[in-house]
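J.: Here is what each chain is made of, one letter per residue.
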Amino acid sequence: MIPEIGYFSLVLAMGLSLLLCIFPLWGAYTGNLRLMRAAPSLAVGQCLFVLFSFAILIYVTLTDDFTVAYVAHHSSTTLPWYYKVTSTWGGHEGAILLWLVMQSSWTALVALMSNSLPWVLRARVLGVLGFLGVGFMLYTLWMSSPFERLLPYYPVEGRDLNPLLQDPGMIIHPPLLYMGYVGLSVSFAFAIAALLTGKLDNTWAKWSRPWTMVAWGFLTLGITIGSWWAYAELGWGGWWFWDPVENASLMPWLVATALLHSLAVTEKRGVFKSWTVLLAITAFSLCLLGTFIVRSGIIVSVHAFATDPDRGLYILSFLGVVVGGSLALYAMRVSEVYSEGRYKFASREVTLWANNIFLVVATLIVLLGTLLPMIHKELGLGTISIGVPFFNQMFSILVVPFALLLGIAPMMRWKQNQLPPMVKKWGGMLVLALALTALWLLPNYEYVAPMTFISTALAVWITLGTLLDIFDKAPAQDSFANGLKRLGLSYWAMVLGHIGIAFVIASVTLTSAYSVERSVSMKPGDVAQLNEYSYRFDGVKEIRGPNYSGHAGVVTVLKDDKFIVELYAEKRLYDIGMQFMTEAAIDDGFFRDLYLALGEQLSEGAWSLRIYHKPYVRWMWLGGILISLAGFMVVADKRYRRRKIKGAVA
Amino acid sequence: MNKKLLGFIPFLIFIFLCVFLYQGLFGNPRELQTGRIGQTMPSFVLPDLMDESKQWRDTDLKGDVYLLNVWGTWCPTCIAELGYLTELREHGVRIIGLYYEQAYDPDFGDQFDINALRNEVQNMLDRAGNPYQFNILDLDRTLALDLGVSGAPETFLVDANGTILLHHTGDINPRVWRAKFAPVMQELSE
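Top line first, the protein sequences correspond to chains A and B. First residue of the first sequence: 0, per numbering that gives the first Met the number 0; consecutive thereafter. First residue of the second sequence: 0, per numbering that gives the first Met the number 0; consecutive thereafter.
Among these hints, one or two may not hold up.
[As the list claims (entries may be wrong)] Simulated crosslink set (DSSO-like; lysine-lysine; CA at most 30 Å straight-line):
| hint | chain 1 | residue 1 | chain 2 | residue 2 |
| --- | --- | --- | --- | --- |
| 1 | B | 179 | B | 3 |
| 2 | B | 179 | A | 414 |
| 3 | B | 61 | A | 343 |
| 4 | B | 3 | A | 205 |
| 5 | A | 484 | A | 414 |
| 6 | B | 3 | A | 267 |
| 7 | B | 53 | A | 198 |
[To be verified] A partial selection of chain B residues facing chain A, derived with a Cβ cut-off under 7 Å:
| hint | residue |
| --- | --- |
| 8 | 7 |
| 9 | 19 |
| 10 | 20 |
| 11 | 23 |
| 12 | 149 |
| 13 | 180 |
| 14 | 182 |
What the hints contain is simulated information worked out from the structure, not anything from laboratory work. Source: prediction; values computed, not measured. Cβ atoms here follow ideal geometry from the backbone N, Cα and C, with glycine treated the same way.
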């Protein structure tokens, strides 16, 4: 009975969503204020029913109700309770329900926080969000209900959650990503509402900007955690695979990054208007496209979700309606848009325009690399495979001009700059960046490849440029500290975001260049040496967890005969699926990670072990966290709150 | 160009993309890997993994049916299939290894220690079984690229004239062998 209530609650939510889609849009079209006023309560109402439905799914999972197919396939009685909760989004049906939870919550949030918006705009934004909600709810109810029953023959024990997903990183990775995807649907709704209203002025950009920033922050954090999870959980120290599913999250991120820069130009200078709208549409479209790629099984991926052409067909149709419809609307309205501002070549406008170009090119590279093999095949040209080397090569080329630009971008002013004094400053910065890089790398490494040196220097260059700009802008009449305070949270967000990128570039470069690994077979007491660390194998212990058993290799790490850490590299056998999992032992540090994976048992008490020394690998995720913080900081900026009120008066 | 027409470009690109996505929905994505089937083995000159002075050419391989197995000691699945491949060798299947070194990237100044690799390979083969007649070292991954290899393990079935008959991604186990390779081998021996 209880699962059926969950299903029914979703049906009600869809009913309300349908009204949320029709009433305000019709009201805005006919100028009927009463219809428009219905929107906020409808938005909150559908959200409550979706939340209730999700609570029921959690409840049936916690109570081990294996008559529900989803629970029987993704949970088991021995699963710890927290993994039972997360198992509600470990499979396709549950993941889509989680998406719905996010979608309806964002919709409700927009409804509650948009009371300073003019009704026509507010109604249209909520109407568009309502339409998206209907699309996802219909999909859940029709093709992927998590409440389907296995009656009358149901199992007494569930199939357990995939061991790969039994990890803290996996608990938060999907919700964060979905927060980002769905958050971008708000930017999308704002763009469509602006197109429908026909007023593409900078007020639209002003309102859309904080929402976009938060969505982008979540997306960044989601991708960062996903990469960390892969590193910690997959057992061979990789952190990015250019897998179609990863690409599906990277593409919206790249476009959203372009979008938030472009929004700044539109808001402050009133130019790039139609471009910004197009980016907002594209960012969300790529989220939908990503979902389609992941869920339809159109491309083989290690993430391999269930492949079902019916589901794929539904998502593709939805994609066609949403994206096709909005691009058609865009095509019809865009010719009415005119730019107001004027600017010269050496200006912040052009710098940001170049930033957009680079990010869009990067997106196209990822898109092509992901879809080209399929298009090639469909054209009857035979098959090709595009792998990691293609992406690595393209990105390592693209990052050079991008990073060079990033280093000088903050110094550029709107409209026009005097180039000669700036060029002089950049020359000094360049020399300094090269010198610092040399000081950093040359004493520490015997051999520095030109490519390694250049990439690292780029990271230093970005950091220098950003820091120099602070010193340029901060001085105030009274004191330097007060000057710093006056810069505002948005400015600090920019600083954080750019330095985060520098961290990521440095980390990717140095980890790729200087990671070393050794496969060794060791008996208890044996010592292996890797770089300045020695690893003493102290034997293997039996371990027993709630739903697995296995062995833990105990390794003592020493440096110059001094104790550093004792590591337990586990190999687990999960009871139900009989699946082996390598649980790597990681000693994390600011400058290096020591990473240890236990291999097979060999003869006479010897075990095979894999030892990795990964310098600066942690900077990657540190960078990711800094970048996402930038997204969250902008929302806290007082300027935005005051602006909102001013917008309401106007 | 007319601004009005320009605005339709994103829409048209999207429609174009949708057509392919729709078609792709009903295709089998795993067929993507079969691009080399029916073509002849690309030409190459590469050293032997264990003995640098020995060079292998594509022409050296001709004359008999063989399996080209792309593998590396870094790849757990490759190690897992060594046992079964060794069994196949004992039944008279000729297997040639194409050693795929994953970690090495000269652009980042990686050093390459061939002797360490040889030791590791030798240890592994001593332990897990040695199915190979010999191993080709494809350090720059040029042959792997020509063959459309996307990872390891992958195995190609090549006939006596050097024509590629099968391309399998993933491990070879008794089930795969019976379903995919055995019928073709049967046909060849008739």
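J.: Would you mind marking each hint as holding or not holding in the structure?
T.: Going down the list of hints, with the structure as the test:
{"no.": "1", "hint": "B:179 <-> B:3", "result": "violated (55 Å)"}
{"no.": "2", "hint": "B:179 <-> A:414", "result": "violated (66 Å)"}
{"no.": "3", "hint": "B:61 <-> A:343", "result": "violated (66 Å)"}
{"no.": "4", "hint": "B:3 <-> A:205", "result": "holds (26 Å)"}
{"no.": "5", "hint": "A:484 <-> A:414", "result": "holds (26 Å)"}
{"no.": "6", "hint": "B:3 <-> A:267", "result": "holds (26 Å)"}
{"no.": "7", "hint": "B:53 <-> A:198", "result": "violated (73 Å)"}
{"no.": "8", "hint": "7", "result": "holds (4 Å)"}
{"no.": "9", "hint": "19", "result": "holds (5 Å)"}
{"no.": "10", "hint": "20", "result": "holds (6 Å)"}
{"no.": "11", "hint": "23", "result": "holds (5 Å)"}
{"no.": "12", "hint": "149", "result": "holds (4 Å)"}
{"no.": "13", "hint": "180", "result": "violated (20 Å)"}
{"no.": "14", "hint": "182", "result": "violated (22 Å)"}
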